[in-house]
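Asker: Chains as they are written, first to last, in UniProt numbering: chain A, 1 to 223; chain B, 1 to 309.
Honestly, the hints are just simulated from the structure, not real lab data.
Note that the structure is a prediction, hence the values are computed from the model and not measured.
There may be inaccurate statements among the hints.
Stated by the list, open to error - Chain B regions said to be covered by chain A (calculated; three or more residues, Cβ under 8 Å): (1) 17 to 31; (2) 232 to 241; (3) 265 to 279.
Unchecked claim - Here are the computed lysine-lysine pairs in the DSS-like style, where the Cα-Cα straight-line distance is at most 30 Å: (4) A:Lys-202 <-> B:Lys-64; (5) A:Lys-208 <-> B:Lys-64; (6) B:Lys-278 <-> A:Lys-210; (7) B:Lys-64 <-> A:Lys-210; (8) B:Lys-217 <-> B:Lys-64; (9) A:Lys-210 <-> B:Lys-117; (10) B:Lys-278 <-> A:Lys-208; (11) B:Lys-78 <-> A:Lys-210; (12) B:Lys-110 <-> B:Lys-184; (13) A:Lys-186 <-> B:Lys-278; (14) B:Lys-158 <-> A:Lys-202; (15) B:Lys-155 <-> A:Lys-210; (16) A:Lys-202 <-> B:Lys-137; (17) A:Lys-208 <-> B:Lys-78; (18) B:Lys-95 <-> B:Lys-78; (19) B:Lys-78 <-> B:Lys-155; (20) B:Lys-95 <-> B:Lys-217; (21) B:Lys-84 <-> B:Lys-301; (22) B:Lys-117 <-> B:Lys-158; (23) B:Lys-180 <-> A:Lys-202; (24) B:Lys-155 <-> A:Lys-202; (25) B:Lys-78 <-> A:Lys-186; (26) A:Lys-202 <-> B:Lys-78; (27) B:Lys-110 <-> A:Lys-186; (28) A:Lys-186 <-> B:Lys-255; (29) B:Lys-158 <-> B:Lys-84; (30) B:Lys-289 <-> A:Lys-210; (31) B:Lys-217 <-> A:Lys-208; (32) B:Lys-117 <-> A:Lys-186; (33) A:Lys-186 <-> B:Lys-217; (34) B:Lys-21 <-> A:Lys-208; (35) A:Lys-186 <-> B:Lys-289.
By construction, the Cβ of each residue, glycine as well, lies at the ideal position given by its N, Cα and C atoms.
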Amino acid sequence: MPRITSLIFVSLIASMVIAALVTPLDQNSDVIAADDESAPANALLAESATQAPARPKSPTYTVTIRRPDGPPRIELAGSDPQGRSGTVACSTCHSVRPPAFQNRNATTLDEFHQGMQFNHGTIACYSCHNPDDADSLRLADGTRVDYSDVMTLCSQCHGPQATSFAHGAHGGINGFWDLSRGPQVKNNCVDCHDPHAPAFPKMIVDFKPKDRFNMPHTDSDDH
Amino acid sequence: METSKPSLPIVENFSRRAAVKGGFATLGAAAFVAAVSPLRQAAKNTTAAEFMQQHYTELSPEQKTDVIARLEAEAKEKHGVDVKISDDRPIPGTKFVYAINLSVCNGNGKCVEACHKENNHDRATNQSYIRVIEMPKGTMDMEQGSTTYTGAVPKDDKFYLPVQCQQCDEPPCVDVCPVKATWKEEDGIVVVDYNWCIGCRYCEAACPYHARRFNWKAPEIPAEEINPNQGYLSNRVRPVGVVEKCTYCLHRTRKGKLPACLEACPTGARVFGNILDKDSNIRWILENKRVYILKEELGTKPAFFYYFD
Chain A
1 MPRITSLIFV SLIASMVIAA LVTPLDQNSD VIAADDESAP ANALLAESAT QAPARPKSPT
61 YTVTIRRPDG PPRIELAGSD PQGRSGTVAC STCHSVRPPA FQNRNATTLD EFHQGMQFNH
121 GTIACYSCHN PDDADSLRLA DGTRVDYSDV MTLCSQCHGP QATSFAHGAH GGINGFWDLS
181 RGPQVKNNCV DCHDPHAPAF PKMIVDFKPK DRFNMPHTDS DDH
Chain B
1 METSKPSLPI VENFSRRAAV KGGFATLGAA AFVAAVSPLR QAAKNTTAAE FMQQHYTELS
61 PEQKTDVIAR LEAEAKEKHG VDVKISDDRP IPGTKFVYAI NLSVCNGNGK CVEACHKENN
121 HDRATNQSYI RVIEMPKGTM DMEQGSTTYT GAVPKDDKFY LPVQCQQCDE PPCVDVCPVK
181 ATWKEEDGIV VVDYNWCIGC RYCEAACPYH ARRFNWKAPE IPAEEINPNQ GYLSNRVRPV
241 GVVEKCTYCL HRTRKGKLPA CLEACPTGAR VFGNILDKDS NIRWILENKR VYILKEELGT
301 KPAFFYYFD
């Protein structure tokens, strides 16, 4: 009788153990066959075979600096008797009106450009705009500059920024850091700065991760 | 021979002994089954192939191909998306370095959002590898800053300090890993093999920059929002229970592209490049700007620099 009890006891335990282990063992068995033992031998091979090809020495792609399309067009405030609206070039008006060289802001204007915001030091309109050709800009030395080359104009005063820009330390960049693999596009000054009020505008934060560092700070030492 | 009757009747009581033994046997067996039941659950959650997978650095090219094929198939099954998982290796002669112009950064957080999307982070928690800390002017002590600021930025009496993995040359997170699931590669990027990580979080505790994140749950991302351009060591959708970190977007940067956070920055504060290339932007900054590193006194030697104009 005691032997029978022991036998039952042992077989019960054994069957439980088998029941518990059989499922995972079954799942693993096919892998042991599939996943051969050659991994350590192949490790060295893997290292050399997956190395990316060496970089070509000379850059094959270029850096493109974005440029304004050309001189701005002025939106007509009203429409003509036929109901047409549209845009006109600066020179449409400014070729027949005498330049007001002293003017520095919109409050002293009585007919056009009213309401414009200026916050660019104390420079006058004609510090940058060209009185001889309203569809272009003018450097301090009188040289005419196209609107598309506006950065030449900005760089007269903002030399440190221009130097930083030339070395990628000022202004947004997109594309490739490695010019042997792809091109790069850089913003120009007026992509980010309004030339009439160049301070970078304030922005609203709209994306916040929800992690413990964003919880309101308490003096508790419970981390 | 006629045996004499036992003097102690209790010894003769076989049925009682059997009952007691049987009872304990049942209890023991039940306890054993309960004890090993997590193993059976694990077997259900983990495929056998995944369980048997080697460490990343010991995989042969054929095994890597198999592993990546399996992961792509799993992504299709779990998320219903056709993803492309690449295995980008360091470009010889490259050491990646990052720099941020704190005179320009205005704390708008577009980099945080870009990282969230690029790296397939969990949508509900807005997880990201970048934190932007709003700092009082006059200190570089990270602990005095706050990440909870909202509204219009920048505020007049603050500056903004974006912090992510500094890809240290002496990474404390790598030193503490008990299973070598995280290591530093030739181009300076500290990576994690998510399939080797045991989730002990030692590395998260060791990082002085709070740069590592733990997946308390499997990331949940709508299928149409999953970035299908993935890397095995970077932005593939991570499993639950592993640690992850910024990889300088190695699935992009090892193909020559700029990191997602840099491209998203509307202020142009971020600069990325190869410090071994003497004509690179990053070299010019290190040579010409006043750069500093975070927590220099700890000797972690970050590959991440901050500068002011």
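Asker: Hint by hint, note whether the structure agrees.
Answerer: Tested hints:
1. With 8 residues having a Cβ less than 8 Å from any Cβ of chain A, the segment 17 to 31 of chain B passes the three-residue criterion, so the hint holds.
2. Judged by the Cβ-Cβ criterion of 8 Å, the segment 232 to 241 of chain B is not covered by chain A as claimed, because only 0 of its residues qualify and three are needed.
3. Residues of the segment 265 to 279 of chain B with a Cβ under 8 Å from some Cβ of chain A number 8, which satisfies the need for three, so the listed coverage holds.
4. Between the alpha carbons of Lys-202 (chain A) and Lys-64 (chain B) the distance comes to roughly 48 Å, so the proposed pair goes past 30 Å and is violated.
5. Simply put, Lys-208 (chain A) and Lys-64 (chain B) have alpha-carbon atoms about 36 Å apart, too far for the 30 Å limit, and the pair is violated.
6. With a CA separation close to 40 Å, the supplied pair Lys-278 (chain B) and Lys-210 (chain A) exceeds the 30 Å bound.
7. Of the pairs offered as hints, the one joining Lys-64 (chain B) and Lys-210 (chain A) is violated, with about 35 Å between alpha carbons and a cut-off of 30 Å exceeded.
8. Between Lys-217 (chain B) and Lys-64 (chain B) the alpha-carbon distance is near 26 Å, which keeps this suggested pair within the 30 Å criterion.
9. Taking the CA atoms of Lys-210 (chain A) and Lys-117 (chain B), the gap is about 15 Å. The hint holds against a cut of 30 Å.
10. Simply put, Lys-278 (chain B) and Lys-208 (chain A) have alpha-carbon atoms about 37 Å apart, too far for the 30 Å limit, and the pair is violated.
11. A distance of roughly 25 Å separates the Cα atoms of Lys-78 (chain B) and Lys-210 (chain A); the hinted pair therefore holds under the 30 Å criterion.
12. For the proposed pair Lys-110 (chain B) and Lys-184 (chain B), the alpha carbon gap of about 28 Å is at most 30 Å, so the pair holds.
13. Straight-line distance between C-alpha atoms of Lys-186 (chain A) and Lys-278 (chain B) comes to about 20 Å, which keeps the hinted pair within the 30 Å bound.
14. Distance check on the hinted pair: Lys-158 (chain B) and Lys-202 (chain A) sit about 13 Å apart at the alpha-carbon level, within 30 Å; holds.
15. Distance hint between Lys-155 (chain B) and Lys-210 (chain A) is fulfilled; the C-alpha atoms sit about 22 Å from each other, no more than 30 Å.
16. Straight-line distance between C-alpha atoms of Lys-202 (chain A) and Lys-137 (chain B) comes to about 18 Å, which keeps the hinted pair within the 30 Å bound.
17. Straight-line distance between C-alpha atoms of Lys-208 (chain A) and Lys-78 (chain B) comes to about 27 Å, which keeps the hinted pair within the 30 Å bound.
18. Distance hint between Lys-95 (chain B) and Lys-78 (chain B) is unfulfilled; the C-alpha atoms sit about 36 Å from each other, more than 30 Å.
19. In summary, the hint linking Lys-78 (chain B) to Lys-155 (chain B) is not supported, as the alpha carbons are separated by about 44 Å, beyond the 30 Å threshold.
20. A distance of roughly 33 Å separates the Cα atoms of Lys-95 (chain B) and Lys-217 (chain B); the hinted pair therefore is violated under the 30 Å criterion.
21. Between the alpha carbons of Lys-84 (chain B) and Lys-301 (chain B) the distance comes to roughly 34 Å, so the proposed pair goes past 30 Å and is violated.
22. A hinted pair counts as satisfied when its Cα atoms are at most 30 Å apart, and Lys-117 (chain B) with Lys-158 (chain B) qualifies at roughly 27 Å.
23. Taking the CA atoms of Lys-180 (chain B) and Lys-202 (chain A), the gap is about 45 Å. The hint is violated against a cut of 30 Å.
24. For the hint pairing Lys-155 (chain B) with Lys-202 (chain A), the CA-to-CA distance comes to about 9 Å; that is within 30 Å, so the pair holds.
25. Taking the CA atoms of Lys-78 (chain B) and Lys-186 (chain A), the gap is near 39 Å; set against the 30 Å cutoff, the hint is violated.
26. Using a Cα cut-off of 30 Å, the hinted pair Lys-202 (chain A) and Lys-78 (chain B) is violated, with the two alpha carbons roughly 42 Å apart.
27. Distance hint between Lys-110 (chain B) and Lys-186 (chain A) is fulfilled; the C-alpha atoms sit about 18 Å from each other, no more than 30 Å.
28. The straight-line distance between the Cα atoms of Lys-186 (chain A) and Lys-255 (chain B) is roughly 19 Å, inside the 30 Å bound, and the hint therefore holds.
29. For the suggested pair Lys-158 (chain B) and Lys-84 (chain B), the alpha carbons sit about 42 Å apart, so the restraint of at most 30 Å is broken.
30. With a C-alpha separation of about 34 Å, the suggested pairing of Lys-289 (chain B) with Lys-210 (chain A) is violated against the 30 Å cut-off.
31. Taking the CA atoms of Lys-217 (chain B) and Lys-208 (chain A), the gap is about 19 Å. The hint holds against a cut of 30 Å.
32. Between Lys-117 (chain B) and Lys-186 (chain A) the alpha-carbon distance is near 23 Å, which keeps this suggested pair within the 30 Å criterion.
33. As the CA atoms of Lys-186 (chain A) and Lys-217 (chain B) are separated by approximately 39 Å, the hinted pair breaks the 30 Å bound.
34. Only pairs whose Cα atoms come within 30 Å are accepted, and Lys-21 (chain B) paired with Lys-208 (chain A) is rejected, the gap being roughly 62 Å.
35. Our distance criterion of 30 Å between C-alpha atoms is met by Lys-186 (chain A) and Lys-289 (chain B), whose separation comes to about 20 Å.
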